[in-house]
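Novice: Line order of the protein sequences matches chains A and B. Going by my numbering, 306 is the number at position 306 of the first sequence; the sequence numbering is gapless. Going by my numbering, 208 is the number at position 208 of the second sequence; the sequence numbering is gapless.
Derived from the structure by calculation, the hints contain no laboratory data. Be careful, since some hints might not be right.
For chains that are exact copies, the list does not tell them apart, and a pair is met inside one copy or across any two.
Using 25 angstroms as the maximum straight-line C-alpha spacing, the simulated SDA-like pairs for lysine to any residue come out as follows [said to hold, decoys possible]:
id: 1; residue 1: Lys137; residue 2: Glu293
id: 2; residue 1: Lys152; residue 2: Asn139
id: 3; residue 1: Lys218; residue 2: Lys299
id: 4; residue 1: Lys22; residue 2: Tyr302
id: 5; residue 1: Lys343; residue 2: Ala330
id: 6; residue 1: Lys136; residue 2: His156
id: 7; residue 1: Lys136; residue 2: His161
id: 8; residue 1: Lys210; residue 2: Asn139
id: 9; residue 1: Lys152; residue 2: Tyr84
id: 10; residue 1: Lys137; residue 2: Gly159
id: 11; residue 1: Lys22; residue 2: Glu112
id: 12; residue 1: Lys137; residue 2: His161
id: 13; residue 1: Lys390; residue 2: Met355
id: 14; residue 1: Lys39; residue 2: Tyr285
id: 15; residue 1: Lys136; residue 2: Leu158
id: 16; residue 1: Lys136; residue 2: Lys152
id: 17; residue 1: Lys22; residue 2: Lys286
id: 18; residue 1: Lys299; residue 2: Asp28
id: 19; residue 1: Lys299; residue 2: Ile160
id: 20; residue 1: Lys354; residue 2: Pro429
id: 21; residue 1: Lys354; residue 2: Asn370
id: 22; residue 1: Lys152; residue 2: Ile83
id: 23; residue 1: Lys299; residue 2: His161
id: 24; residue 1: Lys136; residue 2: Thr297
id: 25; residue 1: Lys152; residue 2: Asp290
id: 26; residue 1: Lys299; residue 2: Val20
id: 27; residue 1: Lys137; residue 2: Val217
There are 2 protein chains.
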Amino acid sequence: MMNDTMIRNTPIDKEVVNSVVKASGIKDVSISTIREIVKMVNEIEIITGEKFIRMEMGVPGIAPPQIGVEAEIAALRRGVASIYPMIDGVIDLKNEFSRFLKLFINIDVSPEHCVPTVGAMQGSFASFMLISKFIKKQNTTLFIDPGFPVQKQQHHALGIHYESFDIYDFRGDKLKDKIESYLVKGNISSIIYSNPNNPSWICFTEKELKIIGELAVKYNVIVIEDLAYIAMDFRQDFSKPGQPPYQPSVSKYMNNYILLISSSKAFSYAGQRIGMMAISNTLFYKESIDLFEYFRTNKFGYAMIYRVLYSLSSGTSHSAQYAFAAMLKAANEGKFDFVKEVKEYGKRAKIMKKMFSENGFSIVYSKDDNVPIADGFYFTFSYHGFDSSKLMVELMYYGISAISLAITGSTHIEGLRACVSQISMEQMPILEERLKQFYSDHPIN
Amino acid sequence: MMNDTMIRNTPIDKEVVNSVVKASGIKDVSISTIREIVKMVNEIEIITGEKFIRMEMGVPGIAPPQIGVEAEIAALRRGVASIYPMIDGVIDLKNEFSRFLKLFINIDVSPEHCVPTVGAMQGSFASFMLISKFIKKQNTTLFIDPGFPVQKQQHHALGIHYESFDIYDFRGDKLKDKIESYLVKGNISSIIYSNPNNPSWICFTEKELKIIGELAVKYNVIVIEDLAYIAMDFRQDFSKPGQPPYQPSVSKYMNNYILLISSSKAFSYAGQRIGMMAISNTLFYKESIDLFEYFRTNKFGYAMIYRVLYSLSSGTSHSAQYAFAAMLKAANEGKFDFVKEVKEYGKRAKIMKKMFSENGFSIVYSKDDNVPIADGFYFTFSYHGFDSSKLMVELMYYGISAISLAITGSTHIEGLRACVSQISMEQMPILEERLKQFYSDHPIN
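Bound conformation, chain A alone (with noise of 0.2 angstroms):
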């Protein structure tokens, strides 16, 4: 193992690190928010003058789409600046995403029940307030791990209760019992996960789907499944409209979902904050007499629009709401490939994993029930003998920033999460030369 004190010629200054680290304030790294972390890199970088390969933000690294830009300045030409959009959304943008559950999941959810949403974040949050309130004895969310940390924040704001698992080690016919283990107790209304996953970026299985959305039925319990990364598990073509085969989904096995659907990541329009947010048929209809003391309705799906979101924001950006309306239509007509912009993402995760693995590092998630899982958005990483909190102040010295799997609800806290986004070819080559300066460091026994 490495000794702190010896000297070595690292690409960033060791003393500026740790003093920067150490001004934050923050005692442990692992534990710190993506936004500490990238303040803390803003710093350094500032200070050292010296470029980091930034792995911590989950944000866009690609332009936005032209045809969602010109919707939306033809929208701004049109005058929608001044005029309210309705609460639940323009009926361009409703239908085109109704057509796009059906030509890209092969599911049906009626244009009404079809809303948008202030980014897919103000999407999980009112789920989070609404489904908390419906049933009273519901009041728990169960979230299967890893997942996007601001979402657990959300539940600490709002005073919601959560339990949670990680899925490492439930993969497969195992989930079954695992999940029913928290079910049988009676107090969970929701089921929340990422897929495409957030961080480890394993994909569920069309068994595991199963699983999942016949549990919910069998507790009624509703399932909230967040598809920021839709059609982005690069293995398979998701990207022909009304083809198999279709992105998997919860919705396939059972009819009490939420589906949440951002723009930000597979339409690269994280700017603007639009998402959608498609209500089942038969969820949007349900009643319970417990959400009228807060709510003044039993009605599911009047409350979610009329009570929660219209007091969330009144609705969302109404130029926005143009640019993605035409951004699916394009998509639906097949004039538009959106998997193909984005499948740069999994070119440059291919190469950087291999750049990992081959100095030293281990994949966390590694399979999809032994199958490996795809090249995306993100990954995961490990090196042996570090812990996260040491990982990601020694990878800070080669210029490497990434935030810990401790904050997202993993067992395996030795390991860090990368996105890819941000990272060009051209930065590749910097990349691999930093991690073979770290392996050469660190060598493992």
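Starting from the known structure of chain A, arrange chain B on it as the hints suggest.
Specialist: Just chain B now, kept in the frame of chain A:
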């Protein structure tokens, strides 16, 4: 008094109105939401083919300023659509907004404490969410009513307590004892009101603002001042940057406040859902140990931005931030007279209030501490012998729609709120004709 069964030739078929109201399932129209009234009137218009004088919606009726639209288009052309906005807002917007507060209210709030929100709607939601958890024993909001109904709906949805009173009988010096009777109990966290007031268009006098400010200081209470209609008290000219008179505000009398400023009305930019929140320099740095349980930090300002606003929507439309920044910059530099643009509403209100008064109607909230109220976006009215439910339905027979004060916390539940924004000058003769017929059909003894 009229006889309901009497056949009269009204502009709108009474049977159609009655059947639509009945079909809505709403037992008492005076407590239906604005959106529900909108829906009913839409249906009646479609069935009858007749256009209503629509006064129920508080939406802008003016085209968006070109300066905002062009800046937004320029930002989209620069590619901001794919880039997450910083949660605390783009620098230009923060700087121009801080300057705007100095030039139009004559107060100092540093740019770091000015953050964009998805409309002032998100601003109030975020404020309630955070303030109610800031000091445990102060868990109740005090509304100075009448007020915007959705802010109470936000309380229901979040499960936050509130108390309220109608300002009507407590103008001027009487306000002090009334407010103090609530604050002395120790459970009030914050006082909220809008100024100019929605729905009544009363404006607090400097004396009243001083009373509110001094009591808030005495009892350590935060004031949330909703300035959705900033500078729209057209009795004074608030349009000259850096020159008195300035928009009256509680912020001149205390330093523990949040100001909410919407782009929707004063800047006719409702479609893009962009507002600004100013947290006073003092409040931003306040700390409370109670906050930690929900937000994992003790710091008010930090929690507002990185816990509350982040988890609500991950920021506000990137391009819209540049639009608002450009409008504020032009206003600050005296190149864009935003007040002149919206003075149109004052002209309409003057004409309409005269018509209502000449035809038997009374203005409910008519004075600011003995001075006649301004002509602006809203006014309130009633008719002898009618409660608001009856008046709403009866006016629908005459093709006129408005909402009841019953949902605004007013004790004057016989009154209705009229919004002038959707009524064009061309419609004024039609309105007058309908009011005359109403008056002649319902003579006041």
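Novice: Any hints from earlier that this structure breaks? Give me their numbers in increasing order, please.
Specialist: When the structure is compared with the hints, none of them turns out to be violated.
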